Amino acid sequence: MTGKTIIMKASDLCKSFANNGGQNHVLDMISLEIYEGDFTVIMGASGAGKSTLLYALSGMDQPTSGTVCYKEREISMLKEKEIAALRAEEFGFVFQQAHLVSNLTLFENVAVTGYLSKRRKEKEVKERAKALLERMHVEKAMDRLPSQVSGGEAQRAAIARAMINEPGMLFADEPTGALNKRNTQEVLDLLTGLNEKGQSILMVTHDMKAAVRATRLLYLEDGRVVGEMAMPEWRKEEARSREKQVEAWLSSMEW
Amino acid sequence: MKYLTLLRANIKSQKGSFIGIGALMFIITISLFAVLTIWKNANDYEEQQLAYIGYGDITCWLTYGVDAEELTSQIMEIEDVDQVREQAAVYISKYYVNGHEGVNGMAQLFTYGEEGYDFHIYNQSLTGIEEEPEELSEGEVYVSPAFCSLYDARIGDEFLVEITGEEDTASYTIKGFFEDPASGSSMMGIKTILVNNVDAQKLKERVEEARQWDKAMNASLLHIFRAEDSDLSLGKLQILLGERTDLTGCMEFCYSKVSIMGFMLVLQNIFAGFLLVFVVVLLVITMVVTGHSISSSIEQDYVNMGILKAVGFTRANLMWAQSLQYMLAVFCGVIPGALLSGMLIRLFNRLTITATGMLMPSDLDLPICGAAIGIILVLLLGFIVAKTAGIGRVTPIRAIRGGAPDVYFKSRLTTRIYKKGLPFHLALRALVSGKKQYISAGVVAVLLVFFISLTARIGSWLGPEGKGLMNSFAAGDYDMGFGCEDKELEKEIQETINGNARVAASYEFKMERATINGFECPMNVMSKPEYFNVVEGRSCKYENELLVTDVIASAIEVEIGDTVVVSYKGTDKEFIITGIYQCANDMGENFGISKEGWEGFGSEPVSFYHHYVLEEPSQTKPLVELLREKYGDRADIDENTWSGLESILTAMQALEIFMYGITAVFILVAVYLTGSKILYKEKHDMGIYRSLGFTAGKLRACFALRFFVVAVTGSVLGNILSRLLTDPMAGAMLKMFGISSFRSALSPFSMILSGVVVSGLFLIFSYGTAGKVKKVEPGILIVE
Numbered sequence: 001m002t003g004k005t006i007i008m009k010a011s012d013l014c015k016s017f018a019n020n021g022g023q024n025h026v027l028d029m030i031s032l033e034i035y036e037g038d039f040t041v042i043m044g045a046s047g048a049g050k051s052t053l054l055y056a057l058s059g060m061d062q063p064t065s066g067t068v069c070y071k072e073r074e075i076s077m078l079k080e081k082e083i084a085a086l087r088a089e090e091f092g093f094v095f096q097q098a099h100l101v102s103n104l105t106l107f108e109n110v111a112v113t114g115y116l117s118k119r120r121k122e123k124e125v126k127e128r129a130k131a132l133l134e135r136m137h138v139e140k141a142m143d144r145l146p147s148q149v150s151g152g153e154a155q156r157a158a159i160a161r162a163m164i165n166e167p168g169m170l171f172a173d174e175p176t177g178a179l180n181k182r183n184t185q186e187v188l189d190l191l192t193g194l195n196e197k198g199q200s201i202l203m204v205t206h207d208m209k210a211a212v213r214a215t216r217l218l219y220l221e222d223g224r225v226v227g228e229m230a231m232p233e234w235r236k237e238e239a240r241s242r243e244k245q246v247e248a249w250l251s252s253m254e255w
Numbered sequence: 001m002k003y004l005t006l007l008r009a010n011i012k013s014q015k016g017s018f019i020g021i022g023a024l025m026f027i028i029t030i031s032l033f034a035v036l037t038i039w040k041n042a043n044d045y046e047e048q049q050l051a052y053i054g055y056g057d058i059t060c061w062l063t064y065g066v067d068a069e070e071l072t073s074q075i076m077e078i079e080d081v082d083q084v085r086e087q088a089a090v091y092i093s094k095y096y097v098n099g100h101e102g103v104n105g106m107a108q109l110f111t112y113g114e115e116g117y118d119f120h121i122y123n124q125s126l127t128g129i130e131e132e133p134e135e136l137s138e139g140e141v142y143v144s145p146a147f148c149s150l151y152d153a154r155i156g157d158e159f160l161v162e163i164t165g166e167e168d169t170a171s172y173t174i175k176g177f178f179e180d181p182a183s184g185s186s187m188m189g190i191k192t193i194l195v196n197n198v199d200a201q202k203l204k205e206r207v208e209e210a211r212q213w214d215k216a217m218n219a220s221l222l223h224i225f226r227a228e229d230s231d232l233s234l235g236k237l238q239i240l241l242g243e244r245t246d247l248t249g250c251m252e253f254c255y256s257k258v259s260i261m262g263f264m265l266v267l268q269n270i271f272a273g274f275l276l277v278f279v280v281v282l283l284v285i286t287m288v289v290t291g292h293s294i295s296s297s298i299e300q301d302y303v304n305m306g307i308l309k310a311v312g313f314t315r316a317n318l319m320w321a322q323s324l325q326y327m328l329a330v331f332c333g334v335i336p337g338a339l340l341s342g343m344l345i346r347l348f349n350r351l352t353i354t355a356t357g358m359l360m361p362s363d364l365d366l367p368i369c370g371a372a373i374g375i376i377l378v379l380l381l382g383f384i385v386a387k388t389a390g391i392g393r394v395t396p397i398r399a400i401r402g403g404a405p406d407v408y409f410k411s412r413l414t415t416r417i418y419k420k421g422l423p424f425h426l427a428l429r430a431l432v433s434g435k436k437q438y439i440s441a442g443v444v445a446v447l448l449v450f451f452i453s454l455t456a457r458i459g460s461w462l463g464p465e466g467k468g469l470m471n472s473f474a475a476g477d478y479d480m481g482f483g484c485e486d487k488e489l490e491k492e493i494q495e496t497i498n499g500n501a502r503v504a505a506s507y508e509f510k511m512e513r514a515t516i517n518g519f520e521c522p523m524n525v526m527s528k529p530e531y532f533n534v535v536e537g538r539s540c541k542y543e544n545e546l547l548v549t550d551v552i553a554s555a556i557e558v559e560i561g562d563t564v565v566v567s568y569k570g571t572d573k574e575f576i577i578t579g580i581y582q583c584a585n586d587m588g589e590n591f592g593i594s595k596e597g598w599e600g601f602g603s604e605p606v607s608f609y610h611h612y613v614l615e616e617p618s619q620t621k622p623l624v625e626l627l628r629e630k631y632g633d634r635a636d637i638d639e640n641t642w643s644g645l646e647s648i649l650t651a652m653q654a655l656e657i658f659m660y661g662i663t664a665v666f667i668l669v670a671v672y673l674t675g676s677k678i679l680y681k682e683k684h685d686m687g688i689y690r691s692l693g694f695t696a697g698k699l700r701a702c703f704a705l706r707f708f709v710v711a712v713t714g715s716v717l718g719n720i721l722s723r724l725l726t727d728p729m730a731g732a733m734l735k736m737f738g739i740s741s742f743r744s745a746l747s748p749f750s751m752i753l754s755g756v757v758v759s760g761l762f763l764i765f766s767y768g769t770a771g772k773v774k775k776v777e778p779g780i781l782i783v784e
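As given, the protein sequences belong to chains A and B, one line each in that order. Residue numbers for the first sequence, in this note's numbering: 1 to 255. Residue numbers for the second sequence, in this note's numbering: 1 to 784.
Think of the hints as simulated: they come from the structure by calculation, not from any bench. Among the hints, a few may not be true.
Stated by the list, open to error - Think about it this way: if two alpha-carbon atoms lie no more than 27 Å apart in a straight line, the pair counts; the simulated BS3-like pairs of lysine-lysine are:
(1) LYS573/B with LYS123/A
(2) LYS621/B with LYS528/B
(3) LYS118/A with LYS420/B
(4) LYS79/A with LYS94/B
(5) LYS698/B with LYS130/A
(6) LYS541/B with LYS573/B
(7) LYS420/B with LYS79/A
(8) LYS698/B with LYS123/A
(9) LYS9/A with LYS123/A
(10) LYS573/B with LYS698/B
(11) LYS94/B with LYS215/B
(12) LYS118/A with LYS244/A
For clarity, every value in this text was computed on a predicted model and none was experimentally measured.
Chain A extracted, bound-state conformation (with noise of 0.2 Å):
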């Protein structure tokens, strides 16, 4: 026991497909806790079903078996106006493209999802969607189109978005994986920043810059967990030797 307050957690998680007449099991009975404030990373090489998981903890997608619990629901048992509530009041999503609607203006993505919630007025989500766009620093791109700013423009006002109705989950799937290397940094440190005012995280990587943000790291292995490492709150000065941390744990894992 941490300690901590569990928010989320999966029981004998199971994603199954079917090939050549049998089964593959790309997470083979995972059992998890996620930890409320945590900044969580899940690493793995590539088909270890790092996303799979992701997907199936935010009720993305459906697992074969097991359960998924989001303070004490089992969202695997909610309807879809449940799951559709959840989604826009509860979780936050940040994928590996930025995935903003394409005939809505930077802001109007950002409101739009905070138009939702049905905790706050018209005005409120306006102004609380134009800070966070300040914040991410896209401010002088919000009424711009997602086909009329960069990579990185799209991505912080997706962050922008998926932080809007103050999310008590933000998942993250490679959100730095169509990134340049300034971009890269920049959501990184929004991230982490969030992550400081207690946001919890659960983020999908494969990037080491990534990777040493975290507060707790879960490495995976034909779908299923086979390491983990804490670690303390990010600090800057200290990126060098949490890097040298992470990659003699990846190392240990045979990553």
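Got chain A; can you put chain B on it based on the hints?
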């Protein structure tokens, strides 16, 4: 082989478009073939059969006691006349079928088997002509199949004629039905009855003995045949006959072959013209929808096409594969449509025999249908090839980079997005961003609402009881009228009318035959000429003024202000034309004068009909029933209706139902074709929305709302178009039938109804099409 492989793959991946375009072309082909064949066959067959029963280019119904031989020799002196033949007949003004009184016209009894005048007899099921029909025995008659729809007549029913009155009748049994191309249609007032020669002789003797010519009259018809080398029009020949012979004073009335055909085929011609325009509208819709489908398919298949180009396929190869695919879909609709159209035509002809009185041939008119479908196919091929030209823009490199994603550039026209009514605002935004994609749906809505609204406007002009049409045929508007010789009785009936209904207006009316500048036609006489339906100029206030219809004005080449000579009962008088008025009676060939003008001929006083306009038209029926019950045996009680009205109203209702049905199918196909392509393109955005917390239901509603907004906008435009175009379009069509003034009005409810139906159908079908959204999971955003 390479085309076959591509074709197979394309059809497999775009089954929906393939079936949709096929379905639209099926409806177009079957309707087009049916309309063209019914119209062409009816006109050809009618002309053929008029000649078969011995009718001439001009037929005159002579009055009693005319020396037909003398008249014939006068007519034969005209070099433009080739032949004149006389046909004996007995005119009967009152007859009963199966207990129902014959409406709106006389019956003419011909002798069946008279040499030179042959008739086709139908088999019992009215599905064909008897090869060897049975002879008529004494007491038997053959009647028109129109009697089935008019009086529910069946074989074995009684046909009764009045010779002098209710006490003096002759009764016959209906043996069967015959083909009467001259007066067989339920639209015609006059009806022909075939009797046995012994009965004909007996009847003539009784009529001769009774000598009450207004009830029954022994007379004959003169069939006048124009010389083959004559270049006179039938109208001109008719004027010449009036000028050079004594014909005008010797006849009841006179019609040209063209007029008879016009009367007989009024129903087919009106509705064929109407449906032909509808088919053209449907063709435009099909082209719009197909065009959109092709453009979207190219976008959808961008990657595949790029790959195919990379492996060596040329632009021409791909264009032909696409064009072939769409043309194959077109043919898949055209071929069954063409094959089944024969069945539809047969069915239509069988069902309408009791209205048209004739069993029209059902053989497809291959030259016309072939030419029409040929033009359509060439048009479609050109259109499809032009549309597939977009394949030229597909490059392998762009395909490898993921095709041609939608890039929305900020347009000047944008909509704001609010929390309240979020799905509606998102729908509006999608519409504004992807305007082009919804143009086809918009055009479909505009055209369909335009056509439905046009039909509704004509329907509303007709009115539930055909009042509009009836008023077009009458010289002045009226609900009911009566006529009687007895002045005391006349006063009594007037008192009964005033005591049982609120009268808005009344006037005296009489229709006589006269010639105007030598042209023989009905002359409408009215005591209050201000009640004539004047459409141009002013009414005939003074006794030396008259009104003509558009048809007469062009037939005798006169206009307002001209002086014309009217010959009536041997007296000639000059009149000034003061206006054009509307009266479709006798296909619009008539003119109107005031009672004072008529009195100027020095005619003996005769009784006039009394026409009434009631404040409450719904009072007409009970009032007419009451009057018929009280005075039916002593006076003519007339309701402003005619025998063919019911057929027109039924056909109009059937047409409206048919159009709503076809509209529903077209909207379904158009929405499916357009919607599924848009959905495919927006799959990614749908996945994003679902990952953000939108339910499938909300997204479906948002999607359906876009089509709804397009349909509502289209409906408004369609209604405006119909407001602007119905009167000139319908007016031009109805002018052929003597109705020169057509002014439609639509109640706000009816105006909204077509829009509500079309928009509702768009909403329902697009919501149904968007069912695919349920299958779109946020998982599509996952990149493993």
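A quick look at each hint next to the structure:
1. LYS573/B with LYS123/A: violated (87 Å)
2. LYS621/B with LYS528/B: holds (25 Å)
3. LYS118/A with LYS420/B: Holds. LYS118/A to LYS420/B sits at ~11 Å (cutoff 27 Å).
4. LYS79/A with LYS94/B: violated (78 Å)
5. LYS698/B with LYS130/A: Status holds; Cα separation ~26 Å.
6. LYS541/B with LYS573/B: This hinted pair holds, its Cα atoms lying about 16 Å apart.
7. LYS420/B with LYS79/A: holds (24 Å)
8. LYS698/B with LYS123/A: holds (23 Å)
9. LYS9/A with LYS123/A: violated (36 Å)
10. LYS573/B with LYS698/B: violated (80 Å)
11. LYS94/B with LYS215/B: OK: LYS94/B and LYS215/B at ~7 Å, within 27 Å.
12. LYS118/A with LYS244/A: Status violated; Cα separation ~45 Å.
Comparing the model with each earlier hint shows violations of hints 1, 4, 9, 10, 12; every other hint is respected.
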